[in-house]
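Starting from the given sequences, assemble the full structure and let the hints guide the process.
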Amino acid sequence: MAALPPYASSAQIAWHYGFRTICALIFLFLMLPIMVIVPLSFNAQNFFTFTREMLALDPDGYSLKHYNDFFTNSDWQGALGNSLRIAPMATLLSTGLGTLAAIGLSQQHVPFKGAIMAILISPMIVPLIISAAGMYFFYSRIGLQGTYWGVVLAHAALGTPFVIITVTATLVGFDRSLVRAAASLGANPVTTFVKVQMPLILPGVISGGLFAFITSFDEVVVVLFVGSAGQKTLPWQMFTGLREQISPTILAVATVLIAISILLLSTLELLRRRSERLRGMSPG
Amino acid sequence: MDKDDYIVRFENVQKSYDGETLVVKNFNIDIERGEFLTMLGPSGSGKTTCLMMLAGFEPATNGEIYLNGSPINNVPPHKRGIGMVFQNYALFPHMSVAENLAFPLKVRGMSKSDSEAKVKRALGMVRLDEFGGRRPGQLSGGQQQRVAVARALVFEPDLVLMDEPLGALDKNLREEMQFEIKHIHESLGVSVVYVTHDQSEALTMSNRIAVFNDGVVQQLAAPEVLYEKPENAFVAQFIGENNKLTGKVTAIDGDIAQVTLDGGGDKVAALAVKCGGVGEKSQLSIRPERVILGDEDVPNKMSGKVVELIYLGDHIRCRMEVGDSSEFIVKVANSHAHAALKVGEVTPIGWVTEDCRALDVL
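Respectively, the protein sequence lines represent chains Y and U.
Each residue of the first sequence is one higher than the one before, starting from 1 at the first, in our numbering.
Each residue of the second sequence is one higher than the one before, starting from 1 at the first, in our numbering.
One thing to keep in mind: the hints can contain errors.
Example chain Y residues on the side facing chain U (calculated, C-beta under 8 Å, incomplete) [claimed, not checked]:
id, residue
1, 175
2, 178
3, 180
4, 181
5, 183
6, 184
7, 187
8, 191
9, 196
10, 199
11, 200
No lab work stands behind these hints: they were computed from the structure.
Beta carbons are placed, not taken as given, at the ideal position from N, Cα and C, and that holds for glycine.
See below:
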């Protein structure tokens, strides 16, 4: 950040520090509720509060028992298994469909481009409870309600807009003459897509896929409507856990989920840097 | 010649993007094997559209395009086997230079060893032997351009299209690349269709030039013919520097027209190239270097008033008022023989009849 210039007036100096204070407060507001969960998940007691031992940093105040519960309890393990079966499949579907939709919509002459885009993006904008209720009635009619594929399709619909948006953004920077160049060099459209277009828009596809994965992995409303006991996902288990047993295991699960999210976001950032290097924008 | 003897033939080709206005109006051309043909014209004249139709990226609205004697309107771009160099190079940024060059060979299923040998030869041809491992982003504009040329040639097409390939380079590099492309063309014997809006580039490189304006080919001829014998006022104005004088045709005798100039009423004789009949308006075209200063014995004599003198080393540009034109340029060779001109002086000028062409009025 630029240092204050020597001619700064007192108002500018006040703003210079005031601005930083405001930024710090916003970060605190966003981060604190998440950060407070992490130490609490190591609580040796079955409470949601910091005990006296924990505050004194006494090792006896901490334990891994909630993690132990998470990894051994069949309810939690079943939920984790369901989430891990549903989220990747939903991600695969939304990534495939979203990428194709984005490429199609970025062609030059698409009629009703704006309207189609708005419809595809709508799951992001329509309140989740409304989508969920709509899906419930629709899926009941066609026999998808309460099935694995029903939940997968519902989550794919929720994740697709993220993929469309990230891939469309990548395609804005994509030089369409590369496609023409590949064609002039004798590559058919499929080869052109696989060898030229896909590698260049891959960062957008992957980041869209990660968002879609997290959407499915964190989703609770739709799965409550569309799923049945056989599709109880991790967020669903957390939700019932909160309502019925108030077990600090939830905190351990939350910490695990935070760790996964951080991992995914770091992957994203690394991918972004790699793609910039590939395009020769910054020296490798 | 039969149509099979030409590498490319456009037959009554028309192109409209919106179904109403024609961007290309009835384009006909036969391109000979091994020829370097340039499509030259201002932007929006239809030249790039013609190139895109030949490459297969734009469908022709009407008419037929032949490649090696067979119609290609229904052949997709990747099956035409035409090399192309794009204005922005269009190198694949995620591949190294060698991978870029190997791409057309790989999609043709060539073996790795054959492909490597060809890539090596192509890199040598554009003097980039050491750069195979670099990525396009690490090369300068001129080097990227040479890679693009090598990539368009590496799979040995018999036709290469170039769409203003030197537009993004600075002047010195552009001139260097002009000669380089010309030499590659001569040594490989490949046919080239080149699109540019830069007339000096077209004159330097081409066997023939098609001058486009408003979707129509104004003239198709060798560079020296275009310059010396423009067939209409647009070509005369577009190619090289040109003096125009307007007047009215008073008589036509064979291929010589008598023209009375506007503003002054001087009578001159000119070659009747495209001036219409007696009584019609005509634009006379004379190249600045063909105007003779001083009291020489020439058939057309007038006088001009010197308005401005610009010293350019090897010659002096003299702007004069002649007839109704105050932009009449005369190039005066910087030699001892010429008397020094002065601004404001009225001096006799003249030209031989063959150097003055009576054309249509724009």
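Hint-by-hint comparison with the structure:
A hinted interface residue such as residue 175 (chain Y) counts as satisfied when its beta carbon comes closer than 8 Å to some beta carbon of chain U; here the least separation is about 7 Å, so the hint holds. For the restraint placing residue 178 (chain Y) at the interface with chain U, the shortest Cβ-Cβ distance is roughly 5 Å, inside the 8 Å limit, so the hint holds. This hint holds: residue 180 (chain Y) has a C-beta 6 Å from the nearest C-beta of chain U, less than the 8 Å allowed. Using the Cβ-Cβ criterion of 8 Å, the hint placing residue 181 (chain Y) at the interface with chain U is satisfied: the shortest such distance is roughly 4 Å.
Because the closest C-beta pair between residue 183 (chain Y) and chain U is about 4 Å apart, less than 8 Å, the hint holds. The restraint placing residue 184 (chain Y) at the interface with chain U holds, with a minimum CB-CB distance near 4 Å, inside the 8 Å limit. Given the 8 Å rule on beta carbons, the hint for residue 187 (chain Y) holds: about 5 Å separates it from the nearest Cβ of chain U. At a threshold of 8 Å, the smallest CB-CB gap from residue 191 (chain Y) to chain U is about 6 Å, leaving the interface hint in force.
The restraint placing residue 196 (chain Y) at the interface with chain U holds, with a minimum CB-CB distance near 6 Å, inside the 8 Å limit. Among the interface hints, the one on residue 199 (chain Y) holds; its C-beta lies about 5 Å from the nearest C-beta in chain U, closer than the 8 Å criterion. With its C-beta approaching chain U no nearer than about 6 Å, residue 200 (chain Y) sits inside the 8 Å limit, and its interface hint holds.
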